[in-house]
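Colleague: Spelled out from the first residue to the last, the chains are:
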Amino acid sequence: MSATRYTVRVTEAEAVTPHVRRLRLEPADGAALPPASAGAHTVVTLEANGRTLRNSYSLTAPSLAGGAYEIAVLRSPTSRGGSRFVHERLREGDTLSVSAPVNLFPLHRLARHHVLVAGGIGITPIAAMAEELSRLGASYELHYAVRSEAAGAFCRDLEARHASRMRLYSSERQERLRVREIVPHQPLGSHLYVCGPQRMIDAVFADARAAGWPEANLHAERFEAPAGGDPFAVRLARSGKSTTVGEHESLLEAIERIGVEAPYLCRGGACGECICDVIEADGELDHRDHFLSPEERRAGDKIMICMSRLKGRELVLDL
Amino acid sequence: MSEITSRPIWGKLDPADQASAHLVCAEGHGIEAVVAAFAGRDGLLSRATVVHVAPVGAARPAGLGGAAYHRHPSRATALTAFRAHLARAKMGTQVHLAGSEAFLDEASAVAVACGIVGDGLTTELSGPATRRVQCVHCKGMMDEVAVTPFACSHCGINLTVRDHYSRRLGAFMGVCADAEAPGVLPAASRF
Ligand code: FES
Numbered sequence: 001m002s003a004t005r006y007t008v009r010v011t012e013a014e015a016v017t018p019h020v021r022r023l024r025l026e027p028a029d030g031a032a033l034p035p036a037s038a039g040a041h042t043v044v045t046l047e048a049n050g051r052t053l054r055n056s057y058s059l060t061a062p063s064l065a066g067g068a069y070e071i072a073v074l075r076s077p078t079s080r081g082g083s084r085f086v087h088e089r090l091r092e093g094d095t096l097s098v099s100a101p102v103n104l105f106p107l108h109r110l111a112r113h114h115v116l117v118a119g120g121i122g123i124t125p126i127a128a129m130a131e132e133l134s135r136l137g138a139s140y141e142l143h144y145a146v147r148s149e150a151a152g153a154f155c156r157d158l159e160a161r162h163a164s165r166m167r168l169y170s171s172e173r174q175e176r177l178r179v180r181e182i183v184p185h186q187p188l189g190s191h192l193y194v195c196g197p198q199r200m201i202d203a204v205f206a207d208a209r210a211a212g213w214p215e216a217n218l219h220a221e222r223f224e225a226p227a228g229g230d231p232f233a234v235r236l237a238r239s240g241k242s243t244t245v246g247e248h249e250s251l252l253e254a255i256e257r258i259g260v261e262a263p264y265l266c267r268g269g270a271c272g273e274c275i276c277d278v279i280e281a282d283g284e285l286d287h288r289d290h291f292l293s294p295e296e297r298r299a300g301d302k303i304m305i306c307m308s309r310l311k312g313r314e315l316v317l318d319l
Numbered sequence: 001m002s003e004i005t006s007r008p009i010w011g012k013l014d015p016a017d018q019a020s021a022h023l024v025c026a027e028g029h030g031i032e033a034v035v036a037a038f039a040g041r042d043g044l045l046s047r048a049t050v051v052h053v054a055p056v057g058a059a060r061p062a063g064l065g066g067a068a069y070h071r072h073p074s075r076a077t078a079l080t081a082f083r084a085h086l087a088r089a090k091m092g093t094q095v096h097l098a099g100s101e102a103f104l105d106e107a108s109a110v111a112v113a114c115g116i117v118g119d120g121l122t123t124e125l126s127g128p129a130t131r132r133v134q135c136v137h138c139k140g141m142m143d144e145v146a147v148t149p150f151a152c153s154h155c156g157i158n159l160t161v162r163d164h165y166s167r168r169l170g171a172f173m174g175v176c177a178d179a180e181a182p183g184v185l186p187a188a189s190r191f
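One line per chain: the protein sequences are Z and U, in this order. For the first sequence, full-length UniProt numbering assigns the number 1 to the initial residue and increments by one for each residue that follows. For the second sequence, full-length UniProt numbering assigns the number 1 to the initial residue and increments by one for each residue that follows.
Hints are computed from structural coordinates only; laboratory data are not their basis. Even glycine gets a Cβ: it sits at the ideal position worked out from N, Cα and C.
Part of the chain Z face toward chain U, derived, beta carbon under 7 Å:
(1) 189
(2) 211
(3) 215
Can you make the complete structure from the sequences, with help from the hints?
Modeller: So, in structure tokens, the structure goes:
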């Protein structure tokens, strides 16, 4: 994807919780940023310790007003260095490069009612959706599950903004989000949106399906940042280039590093855009996406290069 | 002139076992598709509401088991009732529509406007495959048009029937088929 990139300056960097840092990004060169819709994400290029990382972050509610993008980054102990870089190195005044927003998690405009469910940092797209629905005067409710009120990003702001339409569940206070009690009484034509850990998404969908909700009314943002793994070699058959995928690097990032453009949208194993034909695999494919079916995984001739890796020596791709 | 090739695909009625209720709206013979789709599924019928466009005095169709059955003399009154049922229904209710193309076009627009899409809605075309057509040139209306292109019975122009149904006029649009090269017509096809 020959995506247009925008250079932005970090104009605000604030710890909203001990583990979440909010960044406000404004155009560095005066060029306007494309407008963002609720649920959209941007791909941020981070030059961390001499490596180029590209991570997707949901645009948070203030991005809808235009003029700037805001993201909220959770410090992840398992990250490859991107979130640590944002938390420890990035300062106000630094510049970054971001992609135009892509929306793989849009609101269903004709829904009669919207049920929004967020767990932890999954609040980032969900809060933007709630903001947009509130501005539109649409019917919605917001359920937000956090470990504790101190650890949950934006709890107080959201409660002030969404008041009686919002419920906060803090596991510290023994409050459990029970989707089974929420889904049965919604008016026909409701749509449900969930963003959070995979376990939460699975549980929410299972409860909704059990109450007879059709698939078409269930929406989730599944993507997560790629995790690292052991290094392996990759050879690109069509372009005749090869390299080694580093421990903290994704296959897609390694391919971009040697100057080959591969398609992508989410960089989180959800959209299917980066699917690639495997020509040869000396080792075992380590599928980490949410896109390929179990049968496709077993067939072993396709790989989602934004998330998945090889456990072995060399991978040959049709690129 | 560009030809519209994408006809709406109406599919088959497909009631899901896990749905907590079923809301059916059918016109005329469309009810036969409903009876066929629910045959042997009394459990589903006991949770079903059927809104049917049928003449006053017509008997309740056989094969609807324990379903709540409401007959309406016209499409307009049936769709008003259908809207009221939609407004009261809860998530988990699956919607099913059966009837002519014009009926499906109108009724599915009502459902979609209410946020019901994809597997929440099943549809089936039934009855004769003819269309009510208005000639956009002379505004003449023609019933039971079975093929396209055809000559307007009012002004004689050769008309291609568009796939878009105008709810305002209750008809499909017929537009000049040979404006660029008079007399050169695409092969006729039946609806
Ligand atoms: S870019 Fe979306 S699945 Fe890889």
